[in-house]
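K.L.:
If you want the building blocks of each chain, they are given just below.
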Amino acid sequence: MSARPSQPPHPAPREPRVIVCAGGGGVGKTTTSAALALALARKGLRTLVVTIDPARRLADALGVTIGPLPHVVHVDPSTGDRLWALMPEPQASTRTFMEFLFRDEPASLERLFSNRLFLALSDALAGMHELVCMTLVARAASEHTFDYVIVDTAPSRYALDFVSYPPRLAALLESRALGFFGSLADRSGVHETEGAAAGLARKTAEAALARGLGGRLVLDLTSLFSEMLRVRERFAGLANQSARLLLGESSRYVLVAAPTGSALADVRFLARKLEKLGRTPSAVVLNRADVAPRAWAAALLADAQTPPALAMAIRQIEAEREARTSAADQMSEVLARHLASVPRVRLPFVESRGPAEIVLRLADEVASGLSVLAGV
Amino acid sequence: MSNPPGASASTQSATAPIVRPPLARVVLVTGKGGVGKTTVSAGLAVAQAARHGRAALVEFGDGESGLRALGKQRGVDHIVIKPDEALTRAASPLFGSGLFAKIALGNFAVKRMLKAAPALRELAMLECIRLVAADKPDRYVIVDMPATGHGIAWLRVPKQLREVSQAGPFFELCDRVVRELVSPGRCSPVVVTLPEKLVLKETLELCEAMENVVGLPAARLIVNRMPSEIAHEAVLEARTLGEGKQPLAAAARALADVLAAREVARREALAALDDAKTSGPALVPVLLPESPIDPSAKQVADWLLAGGALP
Chain E
1 MSARPSQPPH PAPREPRVIV CAGGGGVGKT TTSAALALAL ARKGLRTLVV
51 TIDPARRLAD ALGVTIGPLP HVVHVDPSTG DRLWALMPEP QASTRTFMEF
101 LFRDEPASLE RLFSNRLFLA LSDALAGMHE LVCMTLVARA ASEHTFDYVI
151 VDTAPSRYAL DFVSYPPRLA ALLESRALGF FGSLADRSGV HETEGAAAGL
201 ARKTAEAALA RGLGGRLVLD LTSLFSEMLR VRERFAGLAN QSARLLLGES
251 SRYVLVAAPT GSALADVRFL ARKLEKLGRT PSAVVLNRAD VAPRAWAAAL
301 LADAQTPPAL AMAIRQIEAE REARTSAADQ MSEVLARHLA SVPRVRLPFV
351 ESRGPAEIVL RLADEVASGL SVLAGV
Chain U
1 MSNPPGASAS TQSATAPIVR PPLARVVLVT GKGGVGKTTV SAGLAVAQAA
51 RHGRAALVEF GDGESGLRAL GKQRGVDHIV IKPDEALTRA ASPLFGSGLF
101 AKIALGNFAV KRMLKAAPAL RELAMLECIR LVAADKPDRY VIVDMPATGH
151 GIAWLRVPKQ LREVSQAGPF FELCDRVVRE LVSPGRCSPV VVTLPEKLVL
201 KETLELCEAM ENVVGLPAAR LIVNRMPSEI AHEAVLEART LGEGKQPLAA
251 AARALADVLA AREVARREAL AALDDAKTSG PALVPVLLPE SPIDPSAKQV
301 ADWLLAGGAL P
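Going line by line, the protein sequences match chains E and U.
Numbering-wise, the working numbering puts 270 at position 270 of the first sequence, and it's gapless, one number per residue.
Numbering-wise, the working numbering puts 102 at position 102 of the second sequence, and it's gapless, one number per residue.
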């Protein structure tokens, strides 16, 4: 197969197909996303995997630097330069994003960075990192051509809120709310056009706010909003671009679970969230869900020559596998009842020395499920 | 009761038992998503109940995960706070009662802002915890904090907002949360993490930052999923068998691979713990063993007590 596949029939260049992977914490979502990306790259498809919540050990193992640029991953030489990874740094996000938003408004940017409220809250702004990630994806996709982009969301039930965050943010930015706060800060008398009743309402709300929050805080808050007003169009544009990438016609949603913790509840919760967005999950991946006993274990146990210490180790390993398998079976049954129409892809527990090896071995397992997971 | 396989790790030598400082009445359990916060929280609540008769487990969300982790444990109150309700509950007294409160909270812009500003959500959660603790003065309160991308940075929020607001009811709210909850002796942050080099390093950096910025040191470091020990003898035997020409050589090699991988995992976890050695006894990690399926809250409580998590 050539390094560049022949012109794919539907995705236009620069409009990659997006697969959003979501699930609770600790289910192996990042590893599964990387394995899926590797399996696609092995098929000759140029694939970018984006990790919202960077896993440092995996990044290290794949030779990816955490930061704003995509890197070619050479974990499997057969994929040439088709496998890419992007793992932006969450801590740097807000600053980077604001610098980008306010690139034509240096004075405004300076005021923003000295706003005490902004300084206090900037590293806690919800969804900001996700937006930064999607902006970086859009940039990467315009500089390199990708067939697939795998978005590995944050490990949370609310990870899909971020899918709907761009339109909600755009709605907020285009709404009266921002204008309202911005106008409170504006003392230049641009309210001449508002009627007496509207003016009274505004003044009353302002007084109530000042009473509750204190005058200085209201001033910080309102000037923050008035700075944001300057860049609302660019902000809304970015938000809409992210929404297009994530909620596009060809986007797919893969829910990842493992027989542990709240994974099952998380998957059902996420499926309901998707439904509200008018989307259905393409598949549920059941990670660490072995299916069959290991032949070698049984063979060794049956042999009288096997030393007792070894037999003990094998029994321990097999007992653990049985516990995992039965937990996975139970989970699979519940999923079959509640998400009957969603195909399940079971992946085994991989015993391995390091994250890179786990990705390589999981990619072998993922290969047979590619039609369900990626539609190829 | 089973012994935690992790308890024999080099950092927790059997010769000198570590005496950790007492925990405050309110314990905030935090850590990245997927490290096992909920299990540890439930285990801590059961352990505190075993020590003191009663305890409360506070959960933000729909209550599903606490219920699953707790099972049918007696002596533990399960308190569920819906995140949206936390906001209204904390914000209502802000604007006093009557007309002003209705106008301010009902204002379309204020509503949107409250929802969009995560720092306010975190402040509201802390205020709710303060209210629960004040409401139940006779018991230990264990809080399963929601996973946040920024470690324990949310503990800074009330102090920062207090500085920003300077006066008024909002200032008083922040001040109350700082004085009555986010202060040494008032609450103990318990950080749950994993025995991986980079994860541990990040966790310790965060703990240090919190101590310097908030003046609230982490009270415990709980390292979850410590890989169990594999008898080295077994690995050697599997290798020897694998080198032979008998029919089972291939099977023995497959086994040797699995055992070797586990041995490496154990060795790397121990090396990571060695790397992360800390000075104070509070942060000498309490180790919990890896388990193929979720352990019960009772099991985790036993591990925590055996590991000296509660002095």
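Some hints could be false.
Non-contacting residues of chain E with respect to chain U, defined by C-beta distances greater than 10 Å in every case (computed) [stated by the list, open to error]:
id	residue
1	Lys-43
2	Val-342
3	Arg-353
4	Glu-365
In silico lysine-lysine, DSBU-like type, Cα no more than 30 Å apart, as pairs [stated by the list, open to error]:
id	chain 1	residue 1	chain 2	residue 2
5	U	Lys-72	U	Lys-298
6	U	Lys-298	U	Lys-277
7	E	Lys-273	U	Lys-136
8	U	Lys-201	U	Lys-159
9	E	Lys-276	U	Lys-82
10	U	Lys-245	U	Lys-277
Calculated directly from the structure, the hints in this document are not laboratory data.
Built from N, CA and C at the ideal position, the CB exists for glycine as well.
K.L.:
If a hint holds in the structure, say so; if it doesn't, say that too.
P.N.:
Consistency of the hints with the structure:
no. : hint                   : verdict
1   : Lys-43                 : 27 Å, holds
2   : Val-342                : 20 Å, holds
3   : Arg-353                : 5 Å, violated
4   : Glu-365                : 16 Å, holds
5   : U:Lys-72 to U:Lys-298  : 10 Å, holds
6   : U:Lys-298 to U:Lys-277 : 29 Å, holds
7   : E:Lys-273 to U:Lys-136 : 35 Å, violated
8   : U:Lys-201 to U:Lys-159 : 26 Å, holds
9   : E:Lys-276 to U:Lys-82  : 20 Å, holds
10  : U:Lys-245 to U:Lys-277 : 46 Å, violated
Violation of the numbered hints given earlier is confined to hints 3, 7, 10; the remaining hints are satisfied by the structure.
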